[in-house]
Amino acid sequence: MIPEFGHYALILALCVAIIQGVLPLLGAHQGRREWILLARPAAQSVFLLLAIAFFNLGWSFYTNDFSVLYVAEHSNSQMPLIYRLGAVWGGHEGSLLLWVFLLSTWTFLVAQLSKSLDEFMVARVIGVLGLVLTGLLLFVLLTSNPFERLLPAAQDGRSLNPLLQDPGLVFHPPMLYMGYVGFSVAFAFAIASLLSGRLDAAWARWSRPWATAAWVFLTLGIALGSWWAYYELGWGGWWFWDPVENASFIPWLVGTALLHSLAVTEKRGGFKSWTVLLAITAFSLSLLGTFLVRSGVLTSVHAFATDPKRGIFILIFLVLVVGSSLTLYAWRAPKSTLGGKFSLTSRETFILLGNVFLVVSAASVLLGTLYPLLIDALHLGKISVGPPYFNSVFVPIMVPLLVLMGIGPWTSWKNSDLLAVIKRLWIAALAAVIAAVLIPFVMGEFTWLSSLGFLLAFWVIASGVMQIIRQAKIGKATRSFMGMQCAHFGITVFVIGVTMVGAYQEEKDVRMLAGESVTVGGYQIQLQGVSAVPGPNYKAMQGTFLLSRNGTLEATMYPEKRSYFSSTMPMTEAAINVGLTRDIYVSLGEELDDKAWAVRVYYKPFVDWIWAGCLLMGLGGVLAMSDKRYRMKLRKAAV
Amino acid sequence: MIVGALIAVGLAVVLILNALNSNIALYVTPSDVAAGKSPTGQAFRIGGMVKDGSIKRDGLTVHFVITDMVKDIPVAYTGILPDLFKEGKGAVIQGRLNPNGQFIASEVLAKHDENYMPPEAKHALEQAQKNGSK
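Those protein sequences? They're chains P and B, same order as listed.
Residue numbers for the first sequence, in this note's numbering: 1 to 639.
Residue numbers for the second sequence, in this note's numbering: 1 to 134.
Chain P extracted, bound-state conformation (with noise of 0.2 Å):
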């Protein structure tokens, strides 16, 4: 019964949705109030019945209901609990309904926050957030019900992929899938302005806050399947420039585009169509992002079982938004492209030029990861495009980017003295040249590429801490700004992060026999034997590793080789020692002839600060939104 509750509400949402995406736009084109007070309890009942539709699920994977076919090819009865609710969204079907669930939520929260905007504007927003919300609603229960019976129930479940027995299965998606989504809102916001041709500051202040909040959990969500393919894949990298990771990357830059372009819109009403764009173009890279992953047409560590229905639906979905929020876009958007007058020298130019950068490095990596996909369509054969493509694009992008970072916040909007500017900042970089110059020296070995790295990494950091010092002078150090710096200065932390990993770290695949022992980066592993110890739903090799350096003991690291019961498939769980400056990483491959393993030792400088450096541009996201202006607003509003 549970189930058939869950499929119900889900059929039942999906009627409210559509009264929730057509009646409140009607009502606010033609002015019919009793349509537009509609928007708030439509979204409300929506969300309260995927609420339900969710919940149910989870309680199926709960009680081991292997009559349902998801529960029964995603579950299995020996699974830890944790993972056992994790699974809900470890396969195609749950995902979606996770994707549908946040959606809601996100169109929820816009309802219960916008009390002080007026009604036309919220019914608009809501409406379209409605109209999306019916598409996937309908991809969902066309394609991929997670409700399905299997008659007669099997008797045990096929288990989770072990590689998705994981804390890490518990938060990225659900975090990853809060920013994908959250992108909806700016979009919704951005369509409902074309539609009551509103296109003001105070459209661009009420965007502001969601935009950032999406880009924040996006920042983390991908942050978090970065950490998570480092510690579970076994491989020790942390970005292969796998298509779905790319597909999450570039809503992400378009994403951090679209902050910097609604900061101008706010402040100064410029770039209004520009920043219109964004928001269309972020959402819809995000609904692409899900048509890539979902519709199995890459080959990637992503990859669910495919059937071809699946792919269509989302195309022409996406189709139909792209065409039809462009086509209004050309229709409505204002006719002067960058609004108030200001200077080459303005902090708008900067902006401008790092929007201009993040939309073009978000362009070169979309065409590496669909260019395969074209040459296929075409018939001109299969082809991959590697890791190689990407970094020799992406970087150099970056490189202005990283200088143009150092500069703009110090400037001024409309216009501004560059030349002062400019004589100030002799110092950062000065401090820039000199860490440039010292830290590939401290670390033993100087490559251009790596003191490139320094240099940037430095040059914006001397340059934040100059005007933190400046702006806490004249008391003018608000959170906003305080929240930009954090996020500048994560950043940073990253750069340096990889920039360390890139040039400094040591790789060796060795085979090793008890006793033996292999050196990386000035630390001595030893392996001391390989025993058999039983796990809740797998048995495991168990390698014991001793961490020494220069003779003191400092650890011991159990790296593990794992069968699963419920599957044939082996799985590496590395060991690994996490330092501020260093991370240890073992693996255990396979075993080879005469008791002797296979190997794999890395030596990883600052590798941890790559991860840290996200979770500083998610505070610094957190701290902006956090800001008085915002604020004020909901204290108006509880008025």
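Any given hint might turn out to be false.
[Unchecked claim] Quick list of in silico lysine-lysine cross-link-like pairs, DSS-like style, CA-CA up to 25 Å:
no.: 1; chain 1: B; residue 1: K86; chain 2: B; residue 2: K71
no.: 2; chain 1: B; residue 1: K122; chain 2: P; residue 2: K382
no.: 3; chain 1: P; residue 1: K382; chain 2: B; residue 2: K71
no.: 4; chain 1: P; residue 1: K476; chain 2: P; residue 2: K423
no.: 5; chain 1: P; residue 1: K267; chain 2: P; residue 2: K539
no.: 6; chain 1: B; residue 1: K56; chain 2: P; residue 2: K508
no.: 7; chain 1: B; residue 1: K51; chain 2: P; residue 2: K382
no.: 8; chain 1: P; residue 1: K309; chain 2: B; residue 2: K122
no.: 9; chain 1: B; residue 1: K71; chain 2: B; residue 2: K56
no.: 10; chain 1: P; residue 1: K473; chain 2: P; residue 2: K267
no.: 11; chain 1: P; residue 1: K595; chain 2: B; residue 2: K56
no.: 12; chain 1: P; residue 1: K341; chain 2: P; residue 2: K414
no.: 13; chain 1: P; residue 1: K539; chain 2: B; residue 2: K89
no.: 14; chain 1: P; residue 1: K539; chain 2: B; residue 2: K71
[Said to hold, decoys possible] Where chain B lies over chain P, by a calculated footprint (3+ residues, C-beta under 8 Å):
no.: 15; segment: 374-383
no.: 16; segment: 508-520
no.: 17; segment: 587-598
Calculated from the structure, these hints are not laboratory results.
Backbone N, C-alpha and C define an ideal beta-carbon position, used for all residues, glycine too.
Please arrange chain B on chain P, whose structure you already have, making use of the hints.
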């Protein structure tokens, strides 16, 4: 400013074309490799099945055969293989042919789910079947 933006876009286009040219790996089926239709002097990818009973170890170096059930290509790889690399399962490998007709793999990609088959490996098998039945 428009000039600046144009320069940036132009630079990006040059970078992209350049990078695409030198960093694309072509997928070739084992039958095509056997027929000598693989690119020379450039790394490429082969998709197919790892032939049953073909894996032989020599220290860290692994020798195996990749097949589309019509033609076999001997492969050598030094390093640690992915978890799901198995005889009788699909795999995609990247590398170059040496003069003896052996494929020296620099990268071995296996899938991440035992029920999932890389589309390129599937494509190679279908291709070979089609040609065989003609």
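Check your understanding: Given as covered by chain B, does the segment 508-520 of chain P meet the bar of three residues or more with CB within less than 8 Å?
Key -> Our answer is that it holds, as 3 residues pass the Cβ test (under 8 Å) against chain B, meeting three.
**Study point:** Proposed proximity, K508 of chain P with K56 of chain B (alpha carbon, max 25 Å)
**Key:** Given pair K56 of chain B, K508 of chain P holds - Cα atoms ~22 Å apart, limit 25 Å.
Point to revise | Given pair status - K414 of chain P, K341 of chain P, alpha carbons within 25 Å | key: It holds: about 7 Å lies between the C-alpha atoms, which stays within 25 Å.
Review point. Within the segment 587-598 of chain P, is the number of residues with a Cβ closer than 8 Å to a Cβ of chain B three or more?
Key: holds (count 6)
Practice item. Decide if the proposed pair is consistent with the structure: K51 of chain B and K382 of chain P, CA atoms, cutoff 25 Å inclusive. Key: With a Cα-Cα distance of about 22 Å, the restraint between K51 of chain B and K382 of chain P holds, given a limit of 25 Å.
Review point. K86 of chain B and K71 of chain B: Cα distance at most 25 Å?
Key: 19 Å, holds
Review point. Hey, K122 of chain B versus K382 of chain P, does the alpha-carbon distance stay inside 25 Å?
Key: 12 Å, holds
Check your understanding: Taken at face value, is the distance from the CA of K56 of chain B to the CA of K71 of chain B at most 25 Å?
Key -> Within the cut-off at roughly 19 Å; holds.
Review point. When you check the alpha-carbon spacing of K539 of chain P and K89 of chain B, does it fall within 25 Å?
Key: 23 Å, holds
Check your understanding: Straight-line Cα separation of K267 of chain P and K539 of chain P no greater than 25 Å?
Key -> Distance ~60 Å between K267 of chain P and K539 of chain P Cα, so the pair is violated.
Check your understanding: Holds or violated: K473 of chain P with K267 of chain P, Cα cutoff 25 Å?
Key -> 23 Å, holds
Review point. Straight-line Cα separation of K476 of chain P and K423 of chain P no greater than 25 Å?
Key: OK: K476 of chain P and K423 of chain P at ~22 Å, within 25 Å.
Figure legend: structure checked against the earlier numbered hints; hints not met, in rising order: 5, 14.
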